[in-house]
Every structure is written in C-alpha cells, then in structure tokens.
Amino acid sequence: MKSLPFHRRKDVRLAFRYLIACLLVVIFVFPVYWLFIISFKTPDEIFAFPPVWYPKSIQFSNYFVLFKDGDAKTVLNSLILASVSTFFAMILGTMAAYSLVRFKTGGENLAVWIISQRMMPPVAIVFPVFLLYVFFGWVDTFFGLILLYTAFNLPYVIWMMRGYIEDIPLELEESALVDGCSRWEVLWKVVMPMARSGLFATAVFTFVFAWNEFLFALVLTRTEVTTYTVQVTHYFGGQSNFWAKIAAMSVLGTIPVFIAVATMQRYLVRGISMGAVKG
Amino acid sequence: MSDLKITGLHKYYGSFHAVKGIDLEVPSGEFTVLVGPSGCGKSTLLRTIAGLEEASEGTVEIGNKDVTWARPRDRDIAMVFQNYALYPYMDVFENIAFGLRARKFATAEIDKRVNNAAEMLGIGPLLKRLPRELSGGQRQRVAIGRAIVRDARLFLFDEPLSNLDAQLRDDMRVEIKRLHQDLGRTMIYVTHDQIEAMTLADRIVLLRDGRIEQLGSPLDLFERPANLFVASFLGSPKMNFIPATLDGNTAVLSDGNKLALVGKRQGKAKQPVILGIRPQHVALSGKTAAIGHAQVKVTVELVQPTGSRVQVAFPLGGKSVVAELESRDVSKPGEKISIDIDMARAIVIDPQTEKVI
Ligand SMILES: Nc1ncnc2c1ncn2[C@@H]1O[C@H](COP(=O)(O)OP(=O)(O)OP(=O)(O)O)[C@@H](O)[C@H]1O
Ligand SMILES: [Mg+2]
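Protein chains in written order, with the numbering used here: chain A, 22 to 300; chain B, 6 to 362.
Okay, chain A solo, but in the shape it has when bound (with noise of 0.2 Å):
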C-alpha cells in the first residue's frame, strides 16, 4: 500500500484526534446529561426499559413539585449560607493574610499552625461543635451554620491569599502609602485589586466547599436551615427512591456552583500583575 502524501497524513491524524475528544467529551457529559434529562421525565419514562434517551416532552412537574412542598427552599437556605460565609471568610481571611506577609505576624509557626487546623478530620470534632451548639442555642441557625462555615474556610483562605499577596511588589504599598493612604487604603485600594484574581479564584473554592458542606449541615439543622445537600438524602427511602426529586434537585443544586464557576473562570485562570514592575 502507498503512504498517504504528508499533509494528507496529517489530516487523519487530526480527524483521530477530533474522535478520542467527542468521545471522552461524551463519556465526561454523558452522566450529567442523564441526571439533567432526568429531571425532566415522567415516572414511567425514569424506569422504562429500554431507556429513553430523550423525553418526549419535557415535564416541569418535578420542579413544580420541589417548589410547592417548600424543598426548593433548602437551595436558597445554601445559597444563603455559602454566600455569608464566603464573603466574611474572604474579609477576615484577606486581612490575616495581609498581617502574617506584611508585618509578620506570629512568624513562620503561625501561618504553619493555621493551616494546619484545615487538616483535621471534621468528623473528629462533630460531637464536640454539636454539644457547643446546643449549649449557646445555635443548632438549626444560619447564623450557627455561617459561623461553622466561616471558621472553616478561614485557614485555606488565609493559605491561599498568604501566597498572592506575597507576589505583590512591595514599592507598590509603598509608593501608596508615601502618596497618602493609610494601611487600610492601602489594603483596599492596592492589595485587593493586585490580588483580584486569587481572591475571586479563592473565593469559588470557599464557595464551592460551604455549597457542598453536608457532615455539619446534617447535625447541626433541624427544619429551619436544611441545606439542599441534606435535602437531597430525605429522597433515598427505605423502599424507593425518589429519583424524580433526586435528579430535579441535584440539577437545582449544581447551577449556583456552574454560574459561579462560569463568570470567574477568567480570574480562575489569569494573572493579573503583568506590567506592574519592569517587563
């Protein structure tokens, strides 16, 4: 057989390249799809055999249902809760952060010691938090749950941020603080926009872990609270499984964390201090 001509090879390896892809993109898709499509079936058509790869009629009955018996709720419960402690995680966070670099605060050992609580099994000090909890009269509280949320997320903020806010040229505080701001200027006006990337990259991944929180948001909540995570177990019953709600729920529940990811993948990805010194 006579090779094929060199550009003509190169064709068919791309086109072979091109085919591992769709095809990876349709086993990494494909679960996703099926929970999505889900959602939006009939009873009969979840459990009919062969499997109906696509619903002939898309059903928000699985939604209307969520959102009438009050399950829904819980979504907007996590929102709540990820949100608040994100944001005041990302405050105290930034500003420890800000001390341990520029003033070096408790040296070296300290910042060790912070990230070391994050290595700690939670389960380890469940019983612990639950009694605190009950105690102070916070069990089934957002505020409880904020707090919880918060202090967990502090060390890996304070980790994160340690490390873009050490990148940050110093003449650059400097040259702020000679022209007229006072340290907190100094931290709002150049040590935040510098770090911008890292924060909104740090901040999906506290997100992200208060989002999908489930150990605490278990034992700690009752009926006022219940995150969506929580929510979601009450559908695994002991006879049936609902899977309708399941998969109406779960789609509820990913696109906080989609859109979230989606509007930061930029700072996800891109360094900011380009131009900022000699280059």
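FYI, nobody ran anything at the bench for these hints, they're computed from the structure. The beta carbon of each residue, even a glycine, is placed where N, CA and C say it ideally should be.
Restraint-style ranges between C-beta atoms, simulated for each label pair:
| hint | chain 1 | residue 1 | chain 2 | residue 2 | range |
| --- | --- | --- | --- | --- | --- |
| 1 | A | N233 | B | Y18 | 46 to 54 Å |
| 2 | A | I136 | B | S61 | 29 to 37 Å |
| 3 | A | I136 | B | D214 | 37 to 45 Å |
| 4 | B | D116 | A | L44 | 54 to 62 Å |
| 5 | A | S203 | B | T204 | 33 to 41 Å |
| 6 | B | V179 | A | I136 | 51 to 59 Å |
| 7 | B | S325 | A | S203 | 53 to 61 Å |
| 8 | A | L113 | B | D116 | 34 to 42 Å |
| 9 | A | S203 | B | K360 | 43 to 51 Å |
| 10 | B | S61 | A | D161 | 52 to 60 Å |
| 11 | B | Y18 | A | A283 | 46 to 54 Å |
Given chain A, work out where chain B with the ligands should sit, using these hints.
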C-alpha cells in the same frame, strides 16, 4: 531655610548596623545626590527619610517639623521608585491621579494637574493606556508624573533610571535635571552611578558603609577629595594611585622619576605617600612645561580610543597609569611620549590614614 534636616541618624536591621550616625542638612531647592557603592545604606537612608523604615536613633525634620515618628503620608514627600511602582490595573491618568485622589482633591483640580504633568513629561497622548502598554522610559515618566502632581516639599528618587538602557538613561537624566530647574523643588536622589551623581547634583553626599565620607559640590569632591575612597570612587576613568616617597616638596617614584609638588604639604620628610593623579590632568607635553606641571617620558603600553579622546596606559612608578589625551596625540602602543602632569591638581594621600594630606 532647610527642607530636610537629619541629626544623628542610626538604623539597625536586627543586629546589623546599616546607617551609622548621619547628620545632613539639605537647603530648600537643592538637588542632593546620595551616592556610594552597593550596600552602603543609600536606600536605607532614603527610606528612613520617607518613613518607610523607622529610625533606630536620631531625628528627621522635614520643613522644620520633626517627622521622625510620622507616617509616610504625613511627611509632605513624593517618591519615585526604581521599579516604577505603577498600578497595572489603572490607566496612566489614574496612576498619576492616585496620590491626589488619596488626598481627596477636587476632580477639576485633578484633571488640571494630571494634564499639566503629562504635558511636562510628554506623555499626554498616553493617558488612557495601561502600564503594560508602555515602554520602560514611558513608565518611568508616568512614575515621575505621579510624584510631581503632588507638589510635595521633598522629592525622593531611589535609582529611578537603573532599569533603563544607557541611551534612555541619558535622556531621562537631562529631563530630571530640567524638571528640577523648572519646579525648583528640593530633591534627594539615590544612585550608585557616579556619572549621574556628577551631572545631576548641586551637592553630592558620598556614603560608605553607613557613614558620610564626604559632602560637597560635584567639583569639590572631584578636585578636592578628602580621602582615598572618595578620590577613587568619583571620576571615570579612575584616578591613578602611585606609591611615592616625600622628599621636601618632591614626590619620588619607585622608578626614580621625581615630581615636584605644588603648594604646601604637611608631610614629614621621607614619608611614604600615595600620589593621586586624574587621567584628565595629564596632557601631551608642549614645547615648554607649563608652570606647576611635571614632565615625564613614558612608553605607551595600551591605547583605547573613545571617540574624541583616547585613553592611554603606560608604566610609571611601578604602576600602570592611565591618561586621557586628545585622540590624535597617540596612535599605537610602543610609542615613546613625553607627558605633562598638572601637579597643582594632584593629591597626596597618607597610606596609613588614607586621608589626603
Ligand atoms: N530589610 C533589611 N533587613 C536586613 N538588612 C537589610 C535590610 N535592608 C537593607 N539591609 C542591609 O543594609 C545595608 C544597606 O542596604 P541599602 O539597601 O540601603 O543599600 P544601598 O546603598 O541602597 O545599596 P544598592 O546600591 O545596592 O541599592 C545592606 O548591607 C543590606 O544588606
Ligand atoms: Mg538601594
């Protein structure tokens, strides 16, 4: 009136003694250059003036006000940094306006001042650009612009030109000099480049190892250095140092050449000394020796043309001595020439104390 007065200033970094007792007074409107070898404490001194470092001992007064413990922003200073320190997320206009905004100036006033400064520095058309869209020289202009809009009492520069290439450095040097003449402000400028120091300064403060070695006008330091270090630090090519012995008012070199000194020298007879001669103070002999000049015959060893001038090296008194001559004076090594040394401008140094006698 003086804009800056430093008294008994010391700075320790932990146990490291970086600034060892500086007294300095800078009159209003003067351009003072702090110069010295790397690590001598120039930046430390400047940063202490700015309030970016705390003084360990001593006082700093700016405009007759003790600011030793004042925050940088309360010192009425503006500073230009080596790496420009521009905010990458702000355009040129905002970068220049930063200090004015921080001090809550009215918008109209900000507009006026920024545009004035931009015009002065020739960066008017660049106001909407981001720092990363500028060349190094343009960035440095923006950094200077940010300092001058502030109209501060004291301007501090820490090696602002050291990141620029040689050509641009020359241009910017002229520009800074012109700026000083136009603004008439007190400026303190750090550099380790002695040409920058010589050309810019009204007064040079030469530092070594945390202390002031000598302080005076560029010409003072060039013509009347106080010691060996000052003499060797300033001037290009470097001053020649030749060991000699004093015999009355004559310096006797190790190769037997005798050079008559001009003026009274406080040396003892037969005292070993070091004779310092600048390459610029040597010329090719004319028909007759000028008064106060010593004539010596030498054999050229090395010839380095620099354009209009030529640097010639020859052995004298056991050293290789460099002279800067007219380029048509000498053409090739091996040539025997007769030179004229301006002994009135030669210096005699005591090798023990390294002080000029
Ligand atoms: N933050 C610091 N901690 C400890 N030592 C320091 C610190 N900053 C400077 N030094 C030391 O103090 C001395 C003076 O430093 P400085 O930066 O003032 O030198 P310089 O004259 O500006 O030198 P260069 O021309 O290289 O900029 C140096 O020996 C330096 O190592
Ligand atoms: Mg320096």
